[in-house]
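J.: Next come the chains, spelled out residue by residue.
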Amino acid sequence: MAARTPLHARHLSAHAVMVDFAGYEMPLRYSSIRDEHVAVRTRAGLFDLSHMGEVRLRGEGAEATLQRLVANDVSTLPSDHALYTVICNDGGGIVDDWIVYRVEDGFLLVVNAARRQADLDWMRAHLLAATEIVDESDETALLAIQGPEAVGIVQTLAGSDLSGLRPFASALGRVAGVECRISRTGYTGEDGVELYCGADPAAGLWDALLEAGAGRGLLPAGLGARDTLRLEAGLRLYGQDMDERVDPFSCGLGWTVRLGKGDFIGALPLRQLDQDNPPRRFVGLALGPRQIPRHGMTVRSEGEAVGEVTSGGFSFSLGHGIATAYVAPHLAKAPLTVDLHGETVPARRVPLPFYRRARLAEPPPRHSD
Amino acid sequence: MPDLSGYRFAPTHEWVHRDGDTATIGISDHAQAQLGDVIFLDLPSVGARLTAGKRFGAVESVKAASDLYAPVSGTVSEFNETLTDTPERVNTSPYEEGWLLRLRDVTEGDLELVDEATYLARAEE
Numbered sequence: 001m002a003a004r005t006p007l008h009a010r011h012l013s014a015h016a017v018m019v020d021f022a023g024y025e026m027p028l029r030y031s032s033i034r035d036e037h038v039a040v041r042t043r044a045g046l047f048d049l050s051h052m053g054e055v056r057l058r059g060e061g062a063e064a065t066l067q068r069l070v071a072n073d074v075s076t077l078p079s080d081h082a083l084y085t086v087i088c089n090d091g092g093g094i095v096d097d098w099i100v101y102r103v104e105d106g107f108l109l110v111v112n113a114a115r116r117q118a119d120l121d122w123m124r125a126h127l128l129a130a131t132e133i134v135d136e137s138d139e140t141a142l143l144a145i146q147g148p149e150a151v152g153i154v155q156t157l158a159g160s161d162l163s164g165l166r167p168f169a170s171a172l173g174r175v176a177g178v179e180c181r182i183s184r185t186g187y188t189g190e191d192g193v194e195l196y197c198g199a200d201p202a203a204g205l206w207d208a209l210l211e212a213g214a215g216r217g218l219l220p221a222g223l224g225a226r227d228t229l230r231l232e233a234g235l236r237l238y239g240q241d242m243d244e245r246v247d248p249f250s251c252g253l254g255w256t257v258r259l260g261k262g263d264f265i266g267a268l269p270l271r272q273l274d275q276d277n278p279p280r281r282f283v284g285l286a287l288g289p290r291q292i293p294r295h296g297m298t299v300r301s302e303g304e305a306v307g308e309v310t311s312g313g314f315s316f317s318l319g320h321g322i323a324t325a326y327v328a329p330h331l332a333k334a335p336l337t338v339d340l341h342g343e344t345v346p347a348r349r350v351p352l353p354f355y356r357r358a359r360l361a362e363p364p365p366r367h368s369d
Numbered sequence: 370m371p372d373l374s375g376y377r378f379a380p381t382h383e384w385v386h387r388d389g390d391t392a393t394i395g396i397s398d399h400a401q402a403q404l405g406d407v408i409f410l411d412l413p414s415v416g417a418r419l420t421a422g423k424r425f426g427a428v429e430s431v432k433a434a435s436d437l438y439a440p441v442s443g444t445v446s447e448f449n450e451t452l453t454d455t456p457e458r459v460n461t462s463p464y465e466e467g468w469l470l471r472l473r474d475v476t477e478g479d480l481e482l483v484d485e486a487t488y489l490a491r492a493e494e
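Protein chains in written order, with this note's numbering: chain U, 1 to 369; chain Z, 370 to 494.
The hints are simulated quantities; they were obtained by calculation from the structure and are not laboratory data. These numbers were taken from a predicted model, which means no experiment stands behind them. Some hints here could point you the wrong way.
Quick list of the computed label-pair ranges, beta carbon to beta carbon [stated by the list, open to error]:
| id | chain 1 | residue 1 | chain 2 | residue 2 | range |
| --- | --- | --- | --- | --- | --- |
| 1 | Z | Thr420 | U | Asp138 | 52 to 60 angstroms |
| 2 | Z | Thr461 | U | Ser301 | 39 to 47 angstroms |
| 3 | U | Asp138 | Z | His399 | 31 to 39 angstroms |
| 4 | Z | Pro380 | U | Asn277 | 50 to 58 angstroms |
Some chain U residues well away from chain Z (every beta-carbon gap over 10 angstroms; in silico) [to be verified]:
| id | residue |
| --- | --- |
| 5 | Val17 |
| 6 | Thr42 |
| 7 | Arg56 |
| 8 | Asp80 |
| 9 | Asp105 |
| 10 | Leu120 |
| 11 | Leu127 |
| 12 | Thr156 |
| 13 | Leu210 |
| 14 | Leu235 |
| 15 | Asp243 |
| 16 | Glu244 |
| 17 | Gly303 |
| 18 | Gly313 |
Cβ coordinates follow ideal geometry from the N, Cα and C atoms, glycine included.
This is chain U alone, in the form it adopts within the complex:
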């Protein structure tokens, strides 16, 4: 039987269409995926992401252990800031991707629900001395509010001023009276906030956010919109766009790999790769308005099968089909087609992300950040 998040009853009373995802019964959509997608792009959407895993690393050895596990460099991560990183196996393949926070007593790792047990096993197998792993996933709820109105909505309920909270920064505070880690992060390509809180007060926080956002167009949003939003934003989905057979350079995530930081798991094979010419290329494809590519569809070059669509769908923001795929380097600029219900359809190569939000003028980040 599928696990439930602390907000399960809220989803049922909102008549959400529920699906099984990573062992959890999760909302796919409350109304329409299009409406929820557009709400996030133009106003705000509220997501229950309590299926995600939250794991703490504590103790004297926590930083050394983490540096060994992740490909990015956490040594320069300021307190309460978040970092995106991949975790590699001994061959340089991607075990998972995490958001890592440096917190009061060590590190908070936010891991994919489907990878939680594999990650815990992997971490335990590579634990250095004086390091403790605490899996807090079941006691932790995660609510994401995303979109141009998101920060303003949270501010109306927050006990502190959020205007200084920069992207990828977080702070402990209260929202609607609930103790939270308030984080300026997300997975939609929009500005927004993620709130980590205890399982018990999560439903009250959910209700308060929906009420505070009602006049600003906030909608509850499900995993369907989360997927169309993250695909437009060019954000990779573990298990679909990457897995243990893919190295981070081929996946276009070389910017997260710090080969110069010292030894870490996977560093040796990754150093042997030509970073500018990895074995495969992760490319963006644009199709027509009536052509919707789907995961697993065959990608061809001059009639020969050269890959598969890793993620595909309809872009509500652009009005046409979009997809990502891996191809060999020599095909990175070659004309490609996708097999769409028995038809061979030309696919235009486009840079990732497919969609980038218009940014408001902001003061440049200070170097101390």
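Dock chain Z against chain U, hints included.
T.: Only chain Z this time, still in chain U's reference frame:
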């Protein structure tokens, strides 16, 4: 809710409403709810011949592409042009504004077409 007393449903989720030897066809409210947002429809042109029980087109939603099957036989006399720009009408008004095709020279096939209550009872099984 529109009056569905004249609507009959195929097990493949299409409805037909006959008026003499012409008919209007569409997809059920249950089907559109299952599909989610309709992105576009692949429908035959005027003059195309439909055969009861045979595929005549497809509906593509956010989640998947699904084939459409003819509940009766007939010749396409009109297709719903408004769906080109507003395919979401299939979601918002599956029995009225979201109709798909009008047919002439309509004949029944071997399909057992049932009323909404019977269709829904079978669809939920």
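J.: All hints, please: hold or fail.
T.: Status of the hints after comparison with the structure:
1. Range check, Thr420 (chain Z) to Asp138 (chain U): about 55 angstroms between beta-carbon atoms, so the 52 to 60 angstroms window is met.
2. As the Cβ distance of Thr461 (chain Z) to Ser301 (chain U) is approximately 41 angstroms, the hint placing it in 39 to 47 angstroms holds.
3. Taking 31 to 39 angstroms as the suggested C-beta distance range, the pair Asp138 (chain U) and His399 (chain Z) conforms, at roughly 36 angstroms.
4. Between Pro380 (chain Z) and Asn277 (chain U), the C-beta spacing of about 55 angstroms keeps the proposed range 50 to 58 angstroms intact.
5. Its beta-carbon lying about 8 angstroms from the closest one in chain Z, Val17 (chain U) breaks the requirement of being farther than 10 angstroms from that chain.
6. In this structure Thr42 (chain U) is separated from chain Z by more than 10 angstroms, as the shortest Cβ-Cβ distance comes to about 16 angstroms.
7. With a least CB separation of 36 angstroms from chain Z, Arg56 (chain U) remains clear of the 10 angstroms interface cut-off, as annotated.
8. For Asp80 (chain U), the requirement that its beta carbon stay farther than 10 angstroms from each beta carbon of chain Z is met, with the minimum near 37 angstroms.
9. Every Cβ of chain Z is farther than 10 angstroms from the Cβ of Asp105 (chain U); the closest lies at roughly 43 angstroms, confirming the non-interface assignment.
10. Consistency note on Leu120 (chain U): stated as away from chain Z, and its beta-carbon is indeed over 10 angstroms from all of that chain's, at 32 angstroms minimum.
11. At roughly 41 angstroms, the least C-beta separation between Leu127 (chain U) and chain Z is larger than 10 angstroms, which holds for a residue marked as non-interface.
12. With a closest Cβ-Cβ approach of about 31 angstroms to chain Z, Thr156 (chain U) is found to remain outside the 10 angstroms limit, as its non-interface label requires.
13. The Cβ of Leu210 (chain U) lies farther than 10 angstroms from every Cβ of chain Z, with a closest approach of about 22 angstroms, so its non-interface assignment holds.
14. No beta-carbon of chain Z comes within 10 angstroms of the beta-carbon of Leu235 (chain U); the shortest separation is about 18 angstroms.
15. Listed as outside the interface, Asp243 (chain U) is consistent with that label: its C-beta sits roughly 23 angstroms from the nearest C-beta of chain Z, beyond the 10 angstroms cut-off.
16. Glu244 (chain U), annotated as away from the interface, keeps every beta carbon of chain Z farther than 10 angstroms; the closest lies near 27 angstroms.
17. Listed as outside the interface, Gly303 (chain U) is consistent with that label: its C-beta sits roughly 23 angstroms from the nearest C-beta of chain Z, beyond the 10 angstroms cut-off.
18. Against the 10 angstroms criterion, Gly313 (chain U) falls within the reach of chain Z, whose nearest CB is about 7 angstroms from its own CB.
In terms of the numbered hints stated before, the structure departs from hints 5 and 18, listed from lowest to highest.
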